Amino acid sequence: MLGKTAGGMFWMLRYMERSENTARMIDAGMRMSLTRSSAAESEWTSILTALGLLAEYQQRYDGVDSARVVNFLLRDKSNPGSVMSSVESARTNARMVRTALTREVWEAVNECWMDLKELLARQVGQQDLPDILQIVRQRSAYVRGALAGTMVRNDIYNFARLGTFFERADNTARVLDVKYYILLPSVMHVGSATDNVQWETILRSTSATRAYQTLHENEYNPRDIARFLILDHRLPRSLAFCYRKISDNLDYLARDYGERMPCHQKVGEICARFENTTIDEIFDGGLHEFIMEFLSDSHMLGKQIETDYRFIE
Amino acid sequence: MTKPRPIFDEMTGFSGQPRKPYEKYSEWFSKEEVAHLRRKSARAESLFRLTGITFNVYGVEEATERLIPFDLVPRIITAREWQTLSRGIEQRVRAINAFLHDIYHRQEIIRAGRVPVEMIANNDAFLPEMIGVSPPGNIYTHIVGTDLVRTGENEFYVLEDNARTPSGVSYMLENRETMLHMFPELFSQNRVRGVSHYPRALRRSLSACRPDMTQGHTVVAVLTPGIHNSAYYEHAFLADQMGAELVEGHDLRVVDGRVAMRTTQGYQPIDVIYRRVDDEYLDPLTFNPDSMLGVPGIMDVYRAGGITIANAPGTGIADDKAIYSYMPEIVEFYTGERPILNNVPTWRCSDPEALSYVLDHLDELVVKEVHGSGGYGMLVGPAASKKELSEFRAKLEAKPSNYIAQPTLSLSTVPILASKGLSPRHVDLRPFALASPNGVEIIPGGLTRVALKKGSLVVNSSQGGGTKDTWVLEDE
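Sequence order for the protein chains is R and A. Under our numbering, the first residue of the first sequence carries the number 1, and numbering increases by one thereafter. Under our numbering, the first residue of the second sequence carries the number 1, and numbering increases by one thereafter.
In short, the hints are calculated from the structure, not lab data. None of these values were measured; they are calculated from a predicted model. Just so you know, even glycine gets a beta-carbon here, dropped at the ideal spot from N, CA and C. A few of these clues could be false.
Counterexamples of contact, computed for chain R against chain A with all Cβ distances above 12 Å [what the hints assert, rightly or not]:
#: 1; residue: 49
#: 2; residue: 55
#: 3; residue: 56
#: 4; residue: 92
#: 5; residue: 110
#: 6; residue: 114
#: 7; residue: 155
#: 8; residue: 156
#: 9; residue: 181
#: 10; residue: 184
#: 11; residue: 247
#: 12; residue: 256
#: 13; residue: 258
#: 14; residue: 265
#: 15; residue: 299
Reference listing, derived: stretches of chain A covered by chain R, where coverage requires no fewer than 3 residues with Cβ under 8 Å from a Cβ of chain R [as the list claims (entries may be wrong)]:
#: 16; stretch: 71-78
#: 17; stretch: 262-274
#: 18; stretch: 442-449
Part of the chain A face toward chain R, derived, beta carbon under 7 Å [as the list claims (entries may be wrong)]:
#: 19; residue: 227
#: 20; residue: 236
#: 21; residue: 239
#: 22; residue: 351
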């Protein structure tokens, strides 16, 4: 397959995943601002920070208010990270790699774009927001479903999956990075209303609320939340889960092509960090430092994959 | 001005009664409700959008992706009519390939005085870089789209031989898929010849033209200018259907004397490149140095026999509108036969006598730019305003050799589904022919383009044209 096509598959799925993650963050932010309007501003600020869009936002607007942030994150085409821009980028990549896609996958992406283009043509009122956010998540799920149900399991598929898990791990890590301080043991006033809401926001923006409750008998507990999102292999958005998948996908490519590349070494190092660590050790070494290091390694791995498989010249 | 001739309607002839090939369709149609069919038509449109069969419009910011309107009334051709057309097209395609070989080698046709040397020497479409080059299999034009029009029961004319990079074949295929999807019953009532084998035939035909030096599995790639090109959908569609890679210039480079594409495992040589990039942009080292769409050095590889380029560079000399007027001579010269298909009588404005006739009869004629395409830069005399006529007169006088003129043909009509039922509209037909050392293969049917505006003769999609499914019936 062409290197350009590998890159296109990777980015198409990254952008699809991103649109879904951004929708989830908007949902979490909205929930927060409805339940605790006094904290809304700092909540939106941390969401913009987690998405890496705070500077973009501040260039355009003074002050943070819900309606503006929602509009910026959802449908502002001049914001490259908005849901609409992400879906548009996913579709542009899909057009580029059209020959690598089944008709079902192409149509799922194209339909997502057509629907959202119509739904997001005008400002979205508060009353319509939940429905629209649900549609965004659903359309992204359709694409994933079409991919799983119709694509041949070959190198093309593996590059697509790499994109999905890469973006997902990145998103979870960013949420943790912005919120790490409320997970630190030093601020552990267990049971206080403030922290419960904060913790719930973390779980909500990583789609892990229900999973947490199913797997943990006790009340919200920052140590458990951190362990869950970083180390638990059962949670499909945890860093450990995503990296095991990334490692599997890269291993497949190595077997298929009969050659191990520098990226295989790199991914092994990152994975080892999750396998041989406890959450206590992570806290001892510093949660913030752990996440920063992870984000930096992850970025380097991305670059390495791009080089090893010749996405660009 | 001469009295306008009556217009031949392909469904009802001159009589108003359904012609034989349309009998079953007319009977079916009479039992259908127009409102129901209009709903189906809207449904077809949403199918096309979902599939992404759109074309990009240059220079329009919003809504840059548009659909070519599809009309669901088929255009029907009998087995006998098709036999004549396909024989005629095959003859022309053979003649064009022989002409191209001759023009880039001994130029016998010029020595014989059948085509004047100025037609070649002063023509930008003639590529000196191709002199003495023999492409693999000696095929220059691998894919030809011959534009035909009809004026009566047995009167067909060739309007243009598109020998460079004819487009529209994806519409032929998708139109048929859509009709099969929406009206399966019509295909059990009428015996319609299939078209869906086109991508396989194309792949086979291209592979048969691969360079002698290549071995093993033939690697075919489609070269596109990229996703912003107006025909990108078609490029992706054909690559997909052929199982070929879709490449852009920046995916390619010359490696060890071969043109190779950058894959995830390094550079892999290509045997046959079906390029949808114009000659001028093909190789910045040989042609336009600013081109980012081509491959530096591809012409050297080509000349050394390391790759097949389809269609070959320099084929434009054969479908140039000035050369067109010599096609009857060209066919006779190389095949020794009378042309089966007629040319439209053509005045070459470079000739002073012809020019003075054209200027005197401007309001009756169609005047075209010699190198124009897509219906741009064209004057339809009878439909033009006084102002347009006088503007065009000035252009003609300033540069007569840039124009040819033809009588306004009374193009046949086929009905479309209008808001109140059937309504006739002018059509043309572009069948697609594939040439290889194994022969010429013509897919039964082709792309019917229809001028959706009542009375209009311009069928180009960029100017309000639509398309129809084209049926060639099996023998009775």
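Evaluated hints:
no.	hint	in the structure
1	49	holds (33 Å)
2	55	holds (27 Å)
3	56	holds (23 Å)
4	92	violated (7 Å)
5	110	violated (6 Å)
6	114	violated (7 Å)
7	155	violated (6 Å)
8	156	violated (10 Å)
9	181	holds (42 Å)
10	184	holds (43 Å)
11	247	holds (18 Å)
12	256	violated (9 Å)
13	258	violated (9 Å)
14	265	holds (18 Å)
15	299	holds (21 Å)
16	71-78	violated (count 0)
17	262-274	holds (count 5)
18	442-449	violated (count 0)
19	227	holds (5 Å)
20	236	holds (4 Å)
21	239	holds (5 Å)
22	351	violated (48 Å)
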